[in-house]
Amino acid sequence: MAMVKEPLLFARLPLGARRLLFGLVLFGICFLFAFPVLWLILTSLRLESGVYYVHRGTEFTLGNFAEVLQDERVVEAFANSALIATLATVFSLLVTVSSGYMLSRFQGPAARTWFGTIYVFRCVPYISWVLPLYFVAQSWGLYDTYTGLLLPHIAVHICFFSWLMKGFFDGIDPSMEYAALIDGCTRWGAFIRVALPSAVPAIAALGVLCWLFTWNEFLFALILTGNKVPVITVVMAQFVTEMGMRWNLMAATAVMALLPAFVLALFGQKYVIRGLRL
Amino acid sequence: MSRPEAGGPEKHESCMASITLSKLNKHYGALHHAVKDVDLTIADREFVALVGPSGCGKSTTLRMIAGLEDISGGEIRIGERVVNHLPPRDRDVAMVFQNYALYQHMSVYDNLAFGLRNKKISEAEIKAAIDRAAEILGLHDLMKRRPRQLSGGQQQRVALGRCIVRNPVAFLFDEPLSNLDAKLRAQMRIEIKRLHAQVPTTSVFVTHDQVEAMTLGDRVVVMRDGRVQQAGTPLVVYNNPVNRFVAGFIGAPAMNFLDVTIRREGVVLVAQSAAVKLAITEPSGEALAAWIDRPVVMGVRPEHLVLGGDGVLSRSFQANVEVVEQLGSEILLETRVGQARVTVARVAPETQLAAGDQVRLSVQPGRLHFFDPNSEAAITA
Chain Y
1 MAMVKEPLLF
11 ARLPLGARRL
21 LFGLVLFGIC
31 FLFAFPVLWL
41 ILTSLRLESG
51 VYYVHRGTEF
61 TLGNFAEVLQ
71 DERVVEAFAN
81 SALIATLATV
91 FSLLVTVSSG
101 YMLSRFQGPA
111 ARTWFGTIYV
121 FRCVPYISWV
131 LPLYFVAQSW
141 GLYDTYTGLL
151 LPHIAVHICF
161 FSWLMKGFFD
171 GIDPSMEYAA
181 LIDGCTRWGA
191 FIRVALPSAV
201 PAIAALGVLC
211 WLFTWNEFLF
221 ALILTGNKVP
231 VITVVMAQFV
241 TEMGMRWNLM
251 AATAVMALLP
261 AFVLALFGQK
271 YVIRGLRL
Chain S
279 MSRPEAGGPE
289 KHESCMASIT
299 LSKLNKHYGA
309 LHHAVKDVDL
319 TIADREFVAL
329 VGPSGCGKST
339 TLRMIAGLED
349 ISGGEIRIGE
359 RVVNHLPPRD
369 RDVAMVFQNY
379 ALYQHMSVYD
389 NLAFGLRNKK
399 ISEAEIKAAI
409 DRAAEILGLH
419 DLMKRRPRQL
429 SGGQQQRVAL
439 GRCIVRNPVA
449 FLFDEPLSNL
459 DAKLRAQMRI
469 EIKRLHAQVP
479 TTSVFVTHDQ
489 VEAMTLGDRV
499 VVMRDGRVQQ
509 AGTPLVVYNN
519 PVNRFVAGFI
529 GAPAMNFLDV
539 TIRREGVVLV
549 AQSAAVKLAI
559 TEPSGEALAA
569 WIDRPVVMGV
579 RPEHLVLGGD
589 GVLSRSFQAN
599 VEVVEQLGSE
609 ILLETRVGQA
619 RVTVARVAPE
629 TQLAAGDQVR
639 LSVQPGRLHF
649 FDPNSEAAIT
659 A
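For the protein sequence lines, the chains are Y and S, in the order given.
Counted from 1, the first sequence has number 44 at position 44 by this note's numbering; the numbering is strictly sequential.
Remember, this note's numbering sits 278 above the position in the second sequence when you count from 1.
No wet-lab data here; the hints were simulated from the structure.
All C-beta atoms, glycine included, are put in the ideal place defined by N, C-alpha and C.
It cannot be assumed that every hint is accurate.
[To be verified] Facing chain S, a subset of chain Y residues (Cβ under 8 Å, in silico):
hint, residue
1, Asp173
2, Met176
3, Asp183
4, Val194
5, Ser198
[To be verified] FRET-style restraints, in silico, Cβ to Cβ:
hint, chain 1, residue 1, chain 2, residue 2, range
6, Y, Leu219, S, Asp388, 44 to 54 Å
7, Y, Gly171, S, Asp388, 19 to 29 Å
8, Y, Gly171, S, Pro651, 40 to 50 Å
9, S, Asp388, Y, Ile273, 23 to 33 Å
Bound-form chain S, shown alone:
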């Protein structure tokens, strides 16, 4: 196997560790095209979260960066080096796996030392590096134990430790929190965030959980069917989803979608269906001028609906309560509006409501989204 150094003379710059994917493709056999033309640049020290439903190609992309999966087409650069044909051990990356992947037959200390010993580093230096990592992650008391004797959270901390002792150019996370229970997951999320602040290293974090992606990522990359749908900061992806898929995937509870037709009433445009008639005050309204008398998909997030029609009457509609979910801090309402189901979040917990009640819901200004019903792309100005 040759090692083309297409990036010019061989350089090994640990300071500049951006990761560049260009036209990256992965085929499994003739039929399964897992990753399609992915273009992505991850800047030095940036934390990028790859998020998408299972089977969207996010893990495959990560494994290609790590070198665990062959590349069918395109190019991967780590720093200045093209790493397409480099084996994983020569890429100088570290990876955390969903099931921790600790070496079961070794103590925690040996697990941490494994990678460094492979680099023929002196035991004294290894000890120093492990001490530093243990300090950051609070592993000192676990050094002599076997992975089997650790809890899930502890195992994942050891796996993180195994990454940072190596001081690699990039951290790759493959759904590292999926095996933990909800409470521990929230803790580890914070721990990873803190770790990234302390040891700023280029990181790619794969998850199917949009909350993890939003909270951890400097940038969120949403994937579906092997393609990147949108890449942007969490707020951009949340506020300006490029299509219906991203809009529905990011945010919890998920965005409500209603089939409406755009009509002109005097100077204003309205979105109208059998059960709803809303005046469009959004900036995207201008673009909707091209859609008059045509059907579109309207989206509105549950947290952007307010109980009561006290605002402008033209921005509210009638809904039929079907389920009331009391969370203590808020109420989630499951309602029916004509044929569509509409979820409402952040209803005050003291509100007295029961299934079957009629309520009036109004939309906060500027919070309506519109999508092409065929291409599902967002309709924006």
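Chain Y extracted, bound-state conformation:
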């Protein structure tokens, strides 16, 4: 005898009510995630005096943005962040794509050793690299230089994203490359001319992830740079001064820092989703 199950409360509601409830829950979840960002934008549009009160009046201003943009250090930090994120993305992609391909296609001592190496590095907590890196950067004279910040970023990307790239290539049928080998390509040629073009969505996805990762990174930047290479995440935090916290300016900077990430995510998400699904 089949048990007739009592329908759930939700299923017993009329259609309209069900839709309404669904909408409310959806809205609630979205609000939960969007609230900090909305609050940030709101704060960035406030006068300094309006920041600290619960009832914050109705005065809004774009003055914060103007003030922040007049600060050379902030502008320089934006440029630096963009440069470092772009360079880190380009260099790490060069390595990740080929190392992911190797991990996916080749077995042997070299591939196994490489696999083991990045596995070990992945297992180490990210934060525990920072202090040793600081000392290394100091003794090699790389402290507070572009290279000193770039290299650790590239290393982290290689460890984290080689795995993703291996996954993408695992999803691409190797017989296309075999066909290329027979059609007169070298192994390297088959990779460049046949495997790479098929991996473009994945590479684009990885590019977006790499770029955002570096753009948003705070810890390495804080420890490994001083005054000469300001980056946006660090500069943003420096609105906390002995004079007090300039919340409105910090928020304005943060909103501007959000923009490239937002744009990239907007245009890149198609690739990211397709790439990650590959």
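Take the given structure of chain Y and dock chain S to it, following the hints.
Just chain S now, kept in the frame of chain Y:
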């Protein structure tokens, strides 16, 4: 990597393109011996079908010929050249893959041109070669499309086209029809056959489907566990299988096997079990004299059994119908004879039969096969 030209002075004879495998071996690690001492000569322009169950080493053998797989031992010659250490691009062969392996990011035209452009051939010549191939395969309307936009059959035709434009010394086919549905598979089979007639080129065709092997191959090579079991024309392999495996693998529905004992009754030998007693009139009967009072495995193909005992009574036996499969053109009968199951093919479709019926089956003359129960080798005169 050195390129030993053991075949004497370097020659590049596209006219003589036999493929010779001698003592070919492939090991994967210490444990897996995928291909064992394969000796095979494929004559110029011959179409050889390598057939066997999955994991029998047929694809590995093909990939070694193509150069996609290292050779653990033995020698491969294409024409006069030893190609053991040549990379795939220097072997001048073309290959069709199970999943077509077309370059997804290129148009059909560029797919066809890819190999020729690698050889630095002029675009005008490439166009001419592609036009010829397109003519043969009917690809003209597809040239601008991407592989994704083609059906499975069309993709496989493009893959064939990619082979023939290169005018290689040999075509290698790695289960090219497995991804197609049954109807299309039959069409493509004919297309490949026609292609081979039009562009006679040495071909090695790997398949697990014995029908493809039988219909396409000038010669069929049956493999199991990395070894060649038998190589011969389709008819030879069908009529004179060298062992029980080949007998069971070639032919559909598969051959029936019954455990019997050989006895002498007067001047004739009979194969006898609890349910069957058949007089042996086959030529192999003489060899069976050595097997008197010993068990052997008797094989008979479903299509060589006839319903009714109207022939000689000593060549028929009683069977119990278990399943009746009406195909329209014929009936397949699944019967039980003692402990054994026996399939009967080519029963007239009008025949009224139901499960549980008793029928009498007789064996066509000369159609019994006998195998050593231990070595499984065929017992022949």
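Going down the list of hints, with the structure as the test:
1. With its C-beta approaching chain S no nearer than about 6 Å, Asp173(Y) sits inside the 8 Å limit, and its interface hint holds.
2. The criterion of a C-beta within 8 Å of any C-beta in chain S is met by Met176(Y), whose closest approach is roughly 5 Å, and the hint holds.
3. Hint status for Asp183(Y) relative to chain S: holds, with the closest Cβ pair at about 4 Å, below 8 Å.
4. With a least beta-carbon distance of about 6 Å to chain S, the hint placing Val194(Y) at the interface is held under the 8 Å criterion.
5. Interface hint status for Ser198(Y): upheld, as the beta-carbon distance to the closest one in chain S is roughly 6 Å, under 8 Å.
6. Hint check: Leu219(Y) to Asp388(S), Cβ distance near 47 Å, so the stated range 44 to 54 Å holds.
7. Range check, Gly171(Y) to Asp388(S): Cβ separation about 23 Å, and the 19 to 29 Å hint holds.
8. Roughly 48 Å separates the CB atoms of Gly171(Y) and Pro651(S), a value that falls within the hinted 40 to 50 Å.
9. Taken as a hint, the range 23 to 33 Å holds for the pair Asp388(S) and Ile273(Y), whose Cβ atoms sit roughly 28 Å apart.
The structure agrees with every numbered hint stated previously.
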